[in-house]
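Peer 1: Residues per chain are reported as follows:
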Amino acid sequence: MFMGKVIGSVWSTQKETGMENLKLLLVQPFDANDRAINNVVVAADRIGAGVGERVIVAQGSPARILFDQKVTPVDAVVVGIVDSYEMIVETS
Amino acid sequence: MFMGKVIGSVWSTQKETGMENLKLLLVQPFDANDRAINNVVVAADRIGAGVGERVIVAQGSPARILFDQKVTPVDAVVVGIVDSYEMIVETS
Amino acid sequence: MFMGKVIGSVWSTQKETGMENLKLLLVQPFDANDRAINNVVVAADRIGAGVGERVIVAQGSPARILFDQKVTPVDAVVVGIVDSYEMIVETS
Amino acid sequence: MFMGKVIGSVWSTQKETGMENLKLLLVQPFDANDRAINNVVVAADRIGAGVGERVIVAQGSPARILFDQKVTPVDAVVVGIVDSYEMIVETS
Amino acid sequence: MFMGKVIGSVWSTQKETGMENLKLLLVQPFDANDRAINNVVVAADRIGAGVGERVIVAQGSPARILFDQKVTPVDAVVVGIVDSYEMIVETS
Numbered sequence: 001m002f003m004g005k006v007i008g009s010v011w012s013t014q015k016e017t018g019m020e021n022l023k024l025l026l027v028q029p030f031d032a033n034d035r036a037i038n039n040v041v042v043a044a045d046r047i048g049a050g051v052g053e054r055v056i057v058a059q060g061s062p063a064r065i066l067f068d069q070k071v072t073p074v075d076a077v078v079v080g081i082v083d084s085y086e087m088i089v090e091t092s
Numbered sequence: 001m002f003m004g005k006v007i008g009s010v011w012s013t014q015k016e017t018g019m020e021n022l023k024l025l026l027v028q029p030f031d032a033n034d035r036a037i038n039n040v041v042v043a044a045d046r047i048g049a050g051v052g053e054r055v056i057v058a059q060g061s062p063a064r065i066l067f068d069q070k071v072t073p074v075d076a077v078v079v080g081i082v083d084s085y086e087m088i089v090e091t092s
Numbered sequence: 001m002f003m004g005k006v007i008g009s010v011w012s013t014q015k016e017t018g019m020e021n022l023k024l025l026l027v028q029p030f031d032a033n034d035r036a037i038n039n040v041v042v043a044a045d046r047i048g049a050g051v052g053e054r055v056i057v058a059q060g061s062p063a064r065i066l067f068d069q070k071v072t073p074v075d076a077v078v079v080g081i082v083d084s085y086e087m088i089v090e091t092s
Numbered sequence: 001m002f003m004g005k006v007i008g009s010v011w012s013t014q015k016e017t018g019m020e021n022l023k024l025l026l027v028q029p030f031d032a033n034d035r036a037i038n039n040v041v042v043a044a045d046r047i048g049a050g051v052g053e054r055v056i057v058a059q060g061s062p063a064r065i066l067f068d069q070k071v072t073p074v075d076a077v078v079v080g081i082v083d084s085y086e087m088i089v090e091t092s
Numbered sequence: 001m002f003m004g005k006v007i008g009s010v011w012s013t014q015k016e017t018g019m020e021n022l023k024l025l026l027v028q029p030f031d032a033n034d035r036a037i038n039n040v041v042v043a044a045d046r047i048g049a050g051v052g053e054r055v056i057v058a059q060g061s062p063a064r065i066l067f068d069q070k071v072t073p074v075d076a077v078v079v080g081i082v083d084s085y086e087m088i089v090e091t092s
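The listed protein sequences derive, respectively, from chains A, B, C, D and E. Each residue of the first sequence is one higher than the last, beginning at 1 in the numbering used here. Each residue of the second sequence is one higher than the last, beginning at 1 in the numbering used here. Each residue of the third sequence is one higher than the last, beginning at 1 in the numbering used here. Each residue of the fourth sequence is one higher than the last, beginning at 1 in the numbering used here. Each residue of the fifth sequence is one higher than the last, beginning at 1 in the numbering used here.
Any copy, or any two copies together, can satisfy a pair, since identical chains are not distinguished.
In silico SDA-like pairs for lysine to any residue, Cα to Cα no more than 25 Å straight-line: (1) K23 - I88; (2) K23 - S9; (3) K70 - L22; (4) K5 - L66; (5) K23 - G8; (6) K23 - E86; (7) K23 - V89; (8) K5 - M19; (9) K23 - M87; (10) K23 - G52; (11) K5 - I37; (12) K70 - Q14; (13) K5 - D34; (14) K5 - D83; (15) K23 - D68; (16) K23 - N33; (17) K70 - E20; (18) K23 - Q69; (19) K5 - T17; (20) K5 - A36; (21) K5 - G48; (22) K70 - W11; (23) K5 - R54.
Just so you know, the hints here were simulated from the structure itself, not pulled from any lab data. In this text, all values refer to a predicted model and were calculated from it rather than measured experimentally.
Go ahead and model the full structure; you've got the sequences and the hints to work with.
Peer 2: Here's what the structure looks like:
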């Protein structure tokens, strides 16, 4: 999983089987120094995350298990909204 | 999933089991500042995406579930054509 | 798997199915020269790793197999606390 | 999937269960500007790709499905030899 | 899969279910110009690879299939020791 910040939303009408009624958020991963790194991830959200919030995102087939009985091609899901975190960053 | 832009198509005659009759698109991922990043992804498309359109692409085994009854070695699928998106980009 | 250093913890109250009672650590991957590289990974820990310790983290569906009977969308788990390691680094 | 160029072959005698009789190619991924990017991928090839040819490579568990009845730890397979492709590259 | 060089070993006493009796190697991936790239990978080895040897490593759920009857959270395995390889590197 990675920790990121919700920076937006994306909407799509023309879509694949199983993508109906999914709220899709844009999540920006950050490194230990709070710099944006890597690509923005599109993650399904079922727990009510909003823009500006820090979230934890799971990816791959572990994320898909939440939709296990359905044919849902989702490879990233918001699995937690961050209350707080502690991080020790070494300066070099 | 990631959001990218369809930048082309690729054709192949000599191919593996399960790759028949698949439309394969070249999708370029972009970062929050709309700069092309990472490798171009080859994604199967069943929803009619065209060159220049922004799309959402799912990867890995969650993408493959759309072909679940078949032996199809597809690890990336266009799961949505983007109507619109909202993204807050911080300038630093 | 990768070797990283535990640099912190993250807490979340509002979360997905299967994320209850999980201790989530922030793990920073390092390269052969002990420089922090890539994104910080959020990994579930069931073996008592603490901040400052070096750990081995497994990712993807192999990590999730530890929760196999449950719907737990966890894609990274601390699978070992490092006692010692030997690494030959070539200088160029 | 990604598009790459076959740049070589690799041979191994001492190997794991399920790796027997596999032709293994070295495939270099390229970005939209045809610059080599990322690591060279070792991919199994069953369709007769040769050095210098452009190929499409599938990865992860979708690639492994081609060996579904066997214990074959293969995570990358050449799924198509490229006949032609069209790509629009924006100059900035 | 990727080709890398074994650069060391790692030992762990306190570990997860299924990690018992596994030899864990540190494998450094290299690019086409033999420069170390990306993170060092921790891979399980059952075929007797040693420090300094070039090996092929499989990752993700295809790697785990070698332990299929067991709950083993291993996401990377040495699947071959390289006898020889041929690689055409273009100079630009």
